[in-house]
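**Q** Quick mapping for you: the protein sequence lines, in order, are chains A and B. Offset between the first sequence (1-based) and our numbering: plus 15. Offset between the second sequence (1-based) and our numbering: plus 971.
Some hints here could point you the wrong way.
To be verified - Computed list of chain B residues with no C-beta within reach of chain A, every gap over 12 Å:
(1) Ser1025
(2) Leu1027
(3) Gly1041
(4) Gly1043
(5) Tyr1047
(6) Tyr1097
(7) Trp1098
(8) Met1099
(9) Ile1100
(10) Leu1101
What the hints assert, rightly or not - Covered by chain A, per the in silico footprint, the following chain B stretches (three or more residues, Cβ under 8 Å):
(11) 996-1006
(12) 1082-1094
Hints were generated in silico from the structure; no laboratory data involved. What you are looking at is a predicted structure, and each value in this text was computed from that prediction instead of being measured. Just so it is clear, CB atoms sit at the ideal spot from N, CA and C, and this is done for glycine as well.
Each chain, written out:
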Amino acid sequence: MTMHPPPVDQHRDDAEAFLAARRSLLTLAFLGFGMFTAMAAFFALGAAMQGYEWSCGLPKAASACLVFTMVCLTSLYGMWVFAQLIRCGMLLDGSSRSLPEAMDRHRAFWTHASILSLLCLGLFIVWSAHDLQSSPAPRR
Amino acid sequence: MDKPTTPSPWAHLRRTRGALIGVTVLLVLWFVLLTFLICATTWHAKGIYADRKSILQIFLSNGLMPIWLGSGVAHYHVGRKLLRLARQTNELQDGTPLRPAGEAFSSLWKANLRAHLLLFAFVFVYWMILSQR
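For reference, chain A alone in the conformation it holds in the complex (with noise of 0.2 Å):
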C-alpha cells in the first residue's frame, strides 16, 4: 500500500490550527524566562551582599550556601528550558516548513519543564523546611 503525501491545503491547514497559539506562547514563555533571569540574578546578588560564607565552614552557612547555589542552578535551567519555548514560537509562523522543528522544541520543553518542575519542587520543599527551622515561634 502506498501512502500519498498530504496535500499542501492540508499542510497549510495544520499550521495555521498551530499559528492560533503563538501569542499566548510567546507571552507566557518571555514571563517565564524574564521570571527565572530575575530569580538568579536576585539569588545571586543576594547571596554576593549579605556575606554568605562561600568556603560553607560551618553547617548552617554550608546549608544556605547549598540552597542558593541550586536555586541559582535551577533559576539558569529555567532560562535554557523558557529560551526552547521562545523558540518554538518563533518558529510557529503559520508554514508547514517550520512545524517539525516548533515541535521538536516543544517537545523539548515540556520534557525539561516537569524536570525544572521536579526541582522546584525539592527546593521549595528543601525552602520550606529551612525557613520553618530557623523562623521564631509565632506570638499568641
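Based on these hints, arrange chain B on the given structure of chain A.
**A** Here is chain B on its own, set in the frame of chain A:
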C-alpha cells in the same frame, strides 16, 4: 546517497505524550503540597488559638486560602487541556490531519496563560496583604 530524514511533526508530537502526562502528575503533586501547607498552617494556628476558634473558622480565615482556591481552578483547567493534547497525540498517525492536535495545542497554551495570570494575581494580592500587616 540518501538524505538524512528529519522526524516529522507527527513523530515529535507522539514523543511529547509522556512529558505531557508527567507534567499533569506533577501538577497534582504541587496541589497536594499546597493543600498540605494549608493543613499544616491551620494545625499550627489551632495550637495558638486553643479553644477560642473552631478548626473550620481557622481554616477559612487562613491567608493562603485564596491562593489554594485559585491554584485549584488553574491546575484543573490546565491539567484537562494537557490531557486533551496527550490524547490527541496518542491518536496521531503519519499523514493524518494535524488540525485536531493543533486545536488542542492552541487551547492548552491559551488556558496555560490565563491560569498563570490568575495565579500571579492571587499571589500578588496575598503578598500585598502580607506586606501591610
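**Q** Look at each hint and say if it fits the structure.
**A** Structure-based check of all given hints:
no.: 1; hint: Ser1025; verdict: holds, 18 Å
no.: 2; hint: Leu1027; verdict: holds, 20 Å
no.: 3; hint: Gly1041; verdict: holds, 17 Å
no.: 4; hint: Gly1043; verdict: holds, 17 Å
no.: 5; hint: Tyr1047; verdict: holds, 17 Å
no.: 6; hint: Tyr1097; verdict: holds, 16 Å
no.: 7; hint: Trp1098; verdict: holds, 14 Å
no.: 8; hint: Met1099; verdict: holds, 18 Å
no.: 9; hint: Ile1100; verdict: holds, 17 Å
no.: 10; hint: Leu1101; verdict: holds, 14 Å
no.: 11; hint: 996-1006; verdict: holds (count 4)
no.: 12; hint: 1082-1094; verdict: holds (count 3)
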